[in-house]
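*Asks:* Heads up: the protein sequence lines correspond to chains W and L, in order. Position one of the first sequence corresponds to residue 1 (the UniProt record's numbering), numbered consecutively onward. Position one of the second sequence corresponds to residue 1 (the UniProt record's numbering), numbered consecutively onward.
Hints should not be assumed to be uniformly reliable.
Since the list gives no way to pick out one identical chain from another, each pair is judged satisfied if it fits inside one copy or across any two copies.
To be verified - Result set (DSS-like, lysine-lysine): computed pairs, CA atoms no more than 25 Å apart in a straight line:
hint : residue 1 : residue 2
1    : K369      : K247
2    : K308      : K293
3    : K42       : K85
4    : K42       : K60
5    : K369      : K105
6    : K69       : K87
7    : K252      : K85
8    : K150      : K365
9    : K158      : K247
10   : K352      : K183
What the hints contain is simulated information worked out from the structure, not anything from laboratory work.
There are 2 protein chains.
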Amino acid sequence: MNSRRIFLQKASASAVAISIPYLPSFSKPLSENEEKSSQSDKVLRVAIMGLGSYGTRVAKAMEDSNRAKLVGLISGTPSKVEAWKEKYSIPDKNCYNYDNFDAIKDNPDIDAVYVITPNALHKEQAIRVAQAGKHVICEKPMAINAAEAKEMVEACDKAGVKLLIGYRMHFEANTLKVVNMRKTGEFGTIKFFQGLSGFMIGDPTQWRLNPTLSGGGAMMDIGIYSINGARYMTGEEPIWVTAQEVKTDPVKFKEGIDETITFQMGFPSGVIASCLSTYSMNNLDKFFLNGTKGFAEMQPSTGYGPIKGRTNQGPLDEPHIMHQTVQMDQMAGIIFDGVEPEIPVDGREGLKDMVIIDAIFKAVKTGEKVLLV
Amino acid sequence: MNSRRIFLQKASASAVAISIPYLPSFSKPLSENEEKSSQSDKVLRVAIMGLGSYGTRVAKAMEDSNRAKLVGLISGTPSKVEAWKEKYSIPDKNCYNYDNFDAIKDNPDIDAVYVITPNALHKEQAIRVAQAGKHVICEKPMAINAAEAKEMVEACDKAGVKLLIGYRMHFEANTLKVVNMRKTGEFGTIKFFQGLSGFMIGDPTQWRLNPTLSGGGAMMDIGIYSINGARYMTGEEPIWVTAQEVKTDPVKFKEGIDETITFQMGFPSGVIASCLSTYSMNNLDKFFLNGTKGFAEMQPSTGYGPIKGRTNQGPLDEPHIMHQTVQMDQMAGIIFDGVEPEIPVDGREGLKDMVIIDAIFKAVKTGEKVLLV
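If we strip away everything but chain W, and leave its shape as in the complex, we get (with noise of 0.2 Å):
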């Protein structure tokens, strides 16, 4: 472990209160005992299901990763997983198709699955993995919709494994200095957010665009990322939603394929949340948290960064660290010591926002408030 990384990571655990320089508090200890075996530098051993695009970044990001390392491999794709294997060491009997990964069970240099495939396949897979006795890391969305997610929690419930979302906001620098300031107040009483999260996709063949095995459209890509950051940037859960959808291009944007939403959220407070999610627009991905004392922007709020913004006070320049590999490197130390975040990534974090994405859809097709509680 690299010593600035061991900085942070004792400093979250004792400095709390100390504001100026800022310390990133990436996860905190459950208590002091815990704290003492967060020490832990146990590795974990990652297999990668779906050797994509993502999965290709989260790869290269576990080679600067201190506590996590790529030992295996599932994929569809023989001549994928030849170049990986050579690339990363990987010996053949830790790579796995998705007829025979059941049996990584019996494979005792694996701990965890990272589920990096089509939504509409998370929720099978990962139950499998539970089964197979592994850890769970799923890629977001963790589902198509509320009901899977909710399976997923139960089953790896069951298996006694652990299931986490890979929220790499979560761990990231200037999202945490954000969510601190808030929790202590110096943005005064929270009134709004704001989330603008689009791009313009491009290949109408891509399976995000093919929603059997996507679930949506920018909703489940990218739109979550508005609908999560809302409830971290704000600390509340919302208790309403409603949603509008425009569709410019019904033909790469078929039935089931939401191009545009602009949807709002009510929180017990008073908080109100107003958010864009789209596929067909650039130049959004920002963030607006506004109190009565002050306000934080992040432009861009959840790329992959450096994450770049402003708050009341002077600009959010925490620096960047390649988000997936503090995420592998705090998932370890969740996995393994007990370590529970700043911001939750597990499978119930993850079942929340399906569950708005799903009151999302409802609100969209009704016209109506839908009501979460």
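Chain L: place on chain W using the hints.
*Replies:* For chain L alone, kept in the frame of chain W given last:
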């Protein structure tokens, strides 16, 4: 008229195609013949009705106007009339109160009355001014609902006088630059507009928080900027509206006074607008226009200026001139020379905003999407 102002006005008549350096096109002539008449220097002799804080600002702005001059006063407060009379050397014969101002009909020294009173009074006052044969300039919102606004338009038509609404942003140079860039396609196809309009309102006893005088809360006062901005920034008229209300302080914000409303508008092309109107937060004066090829961000977007912002092509840095000075100069041109502004400021323009405000209040009440066509 100072040389810079003359330069800008002359430039606007002939240099539409020139974009570097950008020449704000404050107004466009109706035809070549009318262009000639737009060179008129005839001064608009204005009486201000309502000597409150905004009236004070308009009076001050007219000190620098080359084409509008404060010559009369209408007020219910004799002490204010005395102070203003002295400050602006206004003769007794040009001073009126709310009972006797119909006699302005017989005063050949006054061309127009600028109505700057509480919203609920505009209709009756504007109609009386029109019936006295004087041009009406009315602060926004022009009335408290569309039915009233329509009556005003009809009364001014019938009386053969102009009805202009105090849309000072329609003459603001950075705003016009963005509108011009949108018109010439520099942002590509417009997809999204976001307007955040709000401030934390102070004194709970002010007329703006009295529904009988204001006809509504933040929406009437400040939300109208996002409504109006959505229209001139996108260049389209909305076809539907949805809206959600949140009230955190029902003591300060009584029945009939909206504190915070989020609202959305759909436009024929598929553009969607997402807006916020609020009396309970600061840091809210932002516009964001997003197209397939570029964007414009303005913050502040509708305050008294300087207006600041940027587009995908760089910063918006047109020089600031006091908005109300430019407005009054331009309104003289509209009234005397038949100049047609880039963005309308007539009663029908004001009526369009009132129709949308009615629809927003209806959407809040019913929870349903309100169609505007």
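*Asks:* For each hint, tell me whether it holds in the structure or not.
*Replies:* Status of each hint after checking the structure:
{"no.": "1", "hint": "K369 / K247", "verdict": "both (20 Å within a copy, 16 Å between copies)"}
{"no.": "2", "hint": "K308 / K293", "verdict": "both (21 Å within a copy, 22 Å between copies)"}
{"no.": "3", "hint": "K42 / K85", "verdict": "within (23 Å within a copy, 84 Å between copies)"}
{"no.": "4", "hint": "K42 / K60", "verdict": "within (20 Å within a copy, 72 Å between copies)"}
{"no.": "5", "hint": "K369 / K105", "verdict": "neither (45 Å within a copy, 53 Å between copies)"}
{"no.": "6", "hint": "K69 / K87", "verdict": "within (13 Å within a copy, 79 Å between copies)"}
{"no.": "7", "hint": "K252 / K85", "verdict": "neither (36 Å within a copy, 67 Å between copies)"}
{"no.": "8", "hint": "K150 / K365", "verdict": "within (23 Å within a copy, 35 Å between copies)"}
{"no.": "9", "hint": "K158 / K247", "verdict": "neither (42 Å within a copy, 44 Å between copies)"}
{"no.": "10", "hint": "K352 / K183", "verdict": "within (21 Å within a copy, 43 Å between copies)"}
Of the numbered hints listed earlier, those contradicted by the structure are 5, 7 and 9.
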